[in-house]
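Residue numbers (our numbering), protein chains in the order written: chain A, 1211 to 1545; chain B, 1211 to 1545; chain C, 1211 to 1545; chain D, 1211 to 1545.
What the hints contain is simulated information worked out from the structure, not anything from laboratory work.
Honestly, I wouldn't trust all of these hints.
Which copy? The list can't say, so a pair holds if one copy fits it or any two copies do.
Derived lysine-lysine pairs resembling DSBU-like cross-links, with alpha carbons at most 35 Å apart [said to hold, decoys possible]:
| id | residue 1 | residue 2 |
| --- | --- | --- |
| 1 | Lys1212 | Lys1467 |
| 2 | Lys1252 | Lys1467 |
| 3 | Lys1460 | Lys1344 |
| 4 | Lys1391 | Lys1435 |
4 protein chains.
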Amino acid sequence: MKRNIGIVGYGYWGPNLARNFASHPECVVKRIAEVDPNQRAKAEMSWPHSEVVAHASQILTAPDIDIAVIATPVSTHFELTMTALRHGKHVWVEKPVAATSDEARRIADEAAKRRLTVITDHTFLFTGPVMKMKEIVESGEMGSLLYYDSVRVNLGMFQHDVNVLWDLATHDLAIINYLVKDRPTTVSAIGSSHFNSHIDVGYLTLWYNDNFIAHFHANWLSPVKIRRTLVGGAQRMLVWDDGEREEKIKIYDKGVKVFNREGVYQMLATYRVGDMRSPLLSTGEALAREVGYFIDCIDHGRSPHNDALAGMRVVEILEAADRSLALNSAPVELP
Amino acid sequence: MKRNIGIVGYGYWGPNLARNFASHPECVVKRIAEVDPNQRAKAEMSWPHSEVVAHASQILTAPDIDIAVIATPVSTHFELTMTALRHGKHVWVEKPVAATSDEARRIADEAAKRRLTVITDHTFLFTGPVMKMKEIVESGEMGSLLYYDSVRVNLGMFQHDVNVLWDLATHDLAIINYLVKDRPTTVSAIGSSHFNSHIDVGYLTLWYNDNFIAHFHANWLSPVKIRRTLVGGAQRMLVWDDGEREEKIKIYDKGVKVFNREGVYQMLATYRVGDMRSPLLSTGEALAREVGYFIDCIDHGRSPHNDALAGMRVVEILEAADRSLALNSAPVELP
Amino acid sequence: MKRNIGIVGYGYWGPNLARNFASHPECVVKRIAEVDPNQRAKAEMSWPHSEVVAHASQILTAPDIDIAVIATPVSTHFELTMTALRHGKHVWVEKPVAATSDEARRIADEAAKRRLTVITDHTFLFTGPVMKMKEIVESGEMGSLLYYDSVRVNLGMFQHDVNVLWDLATHDLAIINYLVKDRPTTVSAIGSSHFNSHIDVGYLTLWYNDNFIAHFHANWLSPVKIRRTLVGGAQRMLVWDDGEREEKIKIYDKGVKVFNREGVYQMLATYRVGDMRSPLLSTGEALAREVGYFIDCIDHGRSPHNDALAGMRVVEILEAADRSLALNSAPVELP
Amino acid sequence: MKRNIGIVGYGYWGPNLARNFASHPECVVKRIAEVDPNQRAKAEMSWPHSEVVAHASQILTAPDIDIAVIATPVSTHFELTMTALRHGKHVWVEKPVAATSDEARRIADEAAKRRLTVITDHTFLFTGPVMKMKEIVESGEMGSLLYYDSVRVNLGMFQHDVNVLWDLATHDLAIINYLVKDRPTTVSAIGSSHFNSHIDVGYLTLWYNDNFIAHFHANWLSPVKIRRTLVGGAQRMLVWDDGEREEKIKIYDKGVKVFNREGVYQMLATYRVGDMRSPLLSTGEALAREVGYFIDCIDHGRSPHNDALAGMRVVEILEAADRSLALNSAPVELP
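So here's chain A without its partners, still in its complex pose:
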């Protein structure tokens, strides 16, 4: 017996969602809801065996739908997701999970109460490089983490409704929350806006306990596209350069050896260098992997690691960043 999928929103990302759910052996794309008639026509063309409708409610409240996939503007996420949950559906919701952390928490509570599964679509967590980084960090081979530095810059894609941190850094926040067990205690944000009221060049810092620090550079005004993350550990260091065609992850057997010399007050530090290794990464489409994981979570009644609470923790940081920006970059404590 296959699960009936209803997709709400057939804009930029909708076609990818439809294709990947349709390819899953346990799923049928039963219905697609889209308000825009042009986009609806496209959906009809591509999915002759699905029903294409105009109203979200034809999915969210319909008894024949098992899973609702929400790919609409963020301001609607809360309302649509809650309706779906109240009608007993599991929900896949695009990131950010909701417009505020409060909404996100209420989604999480509703899902828990009804024993339904909600997943926040943080697709990056299912890419080869991030999966490999998770494996490396979890193995402990890097030693204690010292810092995390991410650069995600390019020319383009002003969004009129969000600033550059909500647009670009959100990916990296989902990633660091996935990789690192500890939660940040404090957030600060720095930025500058040049072409409208939202910042288009932004820097975000997260402070953790034990001197671990994370810093994110997001920029819509860079002439070159850079996606590079450095992760420093006491035993190993790692570079994820997503701009590389191959060898996106490099693990350096480099570190710092600290020792106390007799009669010397200050610690002495020397460097240790060894081989570099670039591991083979999983290929295949990240979104297909995430759909498979979601269905598997539903099958086994498990909560996904990127559930509504995980989505909420990203939104909490972005909200704190907005507060820091409003306070002239003063650090802001996280709840």
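Model the placement of chains B, C and D on the given structure of chain A, informed by the hints.
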């Protein structure tokens, strides 16, 4: 009639200074002062025709010395430079010009009063890439500047007496002060320390008027060496990648076009892309060029662009950064 | 009145052809012929408004088809193309145009006789980098050409029916024939086979008049993917690196200045270096551009630059390369 | 008791030789011979404790010299080396060991007869990357070698007395002879000359038994500097990119798996891909290492791997390449 040079300090940088002053057609390296007997022996071996002495005063107060070159630890810069000035000598002093901005200002005042020339050795300003950037920025072809972003990271060189910003970002501060006419109004610094009391991962931000912002990442714990600066202008954008063997400077004919669409409240921005150009850069040793410039300034009674006041403006920013670090990264206004 | 397109062969490349012809405003994909039932089912799924048939003749001899697109194995090209021409159809044929240069010539003759248009699908000629190189070479700014050196290597894609030169170097031969007006006079080929009877590492050399030389490295056993071409001119030199994400074409203002020094028998050569420039390249799909060009040629009764004779000249070189391989790499003259 | 070194020739490379022999704890640079008075003056300046003389014979026949270092034009190598050997001296001779393979053989014979040590200065064999490649190839981890492909190109350095193969490919020939135990059986060379009678763009091929093939591209007219070698093995593949600042050697766990499918005549090949590893390389000056090795060989009466016969085998290949060029690139068998 050649000028007699006296070099105070023959440590890491001293041999390069001796070699470059010795190569200048108007200079003679008359005397070298060095307290350490081993280093003194090296100086004697390499410079058989110069006098090698133990005490700085044998240069600073000697009537036969025209120019004193101070290459000693920063804590001694003020005392040695002032003594040299009081004895009528022009002074070349290593960066940072002094340990505090107050000392730097007093050096500048003394030099002005006595009509002597002081140069702060910011060697980077005489490299091919920085000279070319200066030319490009001055030409106005970039349009108004939007942001400046610098990354200078590598594994290594803990200095026990300064933090990573004083060690690495100082280069970039001298450069941005040289390139940009405006002065920053506010500074903030973020950092983390892992192996001693000084931060080894640091981020520095400068705010300017007109939404221009500059940000610097300095890091002693990076597994890879990166030296890359992005400069965004309204008309052109520039990348300086000092890790490239050639093509260190790339100028992108890229920008943002902003227009108002009738009846639309928000500005609309679109991107403009064109060719990239990597200009031929001056080759040759930067230090030789700087020595030539210094002698030329003395000959013509001109103050170098990297005089004691220029050195002071770098120290002012680093002092403000230290204050910001002490205030948990709160922004600090510059004098 | 739209032109009716019939596509013969719906294997690897067929879907791309169907999509691009379908997108052309003057074309309708009327019919698709495919012998394999599985592939036929895929065609039916994707093209509900086209007829999907089993036999090529249902296209080649059908009165309602204006243009036949031949995307079948090379051994069938001659037969299918000749049948289409004899039934009055214009023909798009995949590369290589035919299995032998003799077949190719007969196709060209038949097309000329019937005033029909045949195009050989050398898609690379319609990519941004090759179009830009054509423009640069034609402008004369490079001065006389000195050499052409191409490397096209990767791990993979053993083809059991052809050697690595027919698989990979064929692209570069189409390109050099397009860029350079002169024809090579002599060919030699060097190679080695390790896993079946065909060479999997190959080197091909073309000799031209005036000391211009072209050399091609094709390799199925390289651990890294390299696609890089150097073109040396007397005034400018060019690098096409297709592995770059951007800046695929770089033009160097570098050259050699030769002069005779009085009383010196040998010529003296010095180097001239200047800026590098990376021009903006056309984006968009090369195949779409080629389809547009083909229809335009038909509309205006012009022969495409990549017509059957152009296809023949590539096959001639590959045939000569095979003879050279059989003769232990001895150079072989071209007809 | 230290060994007395006499250096014959103080041109481009002589200063490096003097410095590295002087730094060896068992050596004293006793005497330097140089015909040019200007160069002699430089030697006197730099080496106040050595004797600087005008005639090679003052070293080659002097009883107080233990080791003669020959750094003169290649046409003089034979005569000078033979004189030194006849006077009982060990000899270090720059590459190529002699102008002809016949001369090289007679040097080797003379050294063997007199039980003296001759080393050919193939400095590259003592660099970190080549030492690591030797270790990897010898370990057998690469499986049987399939091909070797080297590119060594840049703009510049026309030499009026030799062609580009003698200038650039000679390095790679010394390297491949060092790495690979088998000897090539056949040589062919292809080239083109544009500015004088010697070729400035050259391709050299070596054939070995068992389908192993080596190919070398040497070019004085490339706008970019490339030094890249691919080595394909059945189990592992290797890239040496000397243009990288770090990670010059990368070892790919990639290969080809061949199997026979029942009832299928042709072999089927599939690809195997795994991690990449970039090993830590020895740092330090290659020439210092080579001097140490040479002295060690003398101490223990061992013949260096880069002895006169090794030098001869490089010259043999270059001679065969010249014959191939004269025969319009026909393959030429090696003795």
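Ascending list of hint numbers which this structure does not respect: 1
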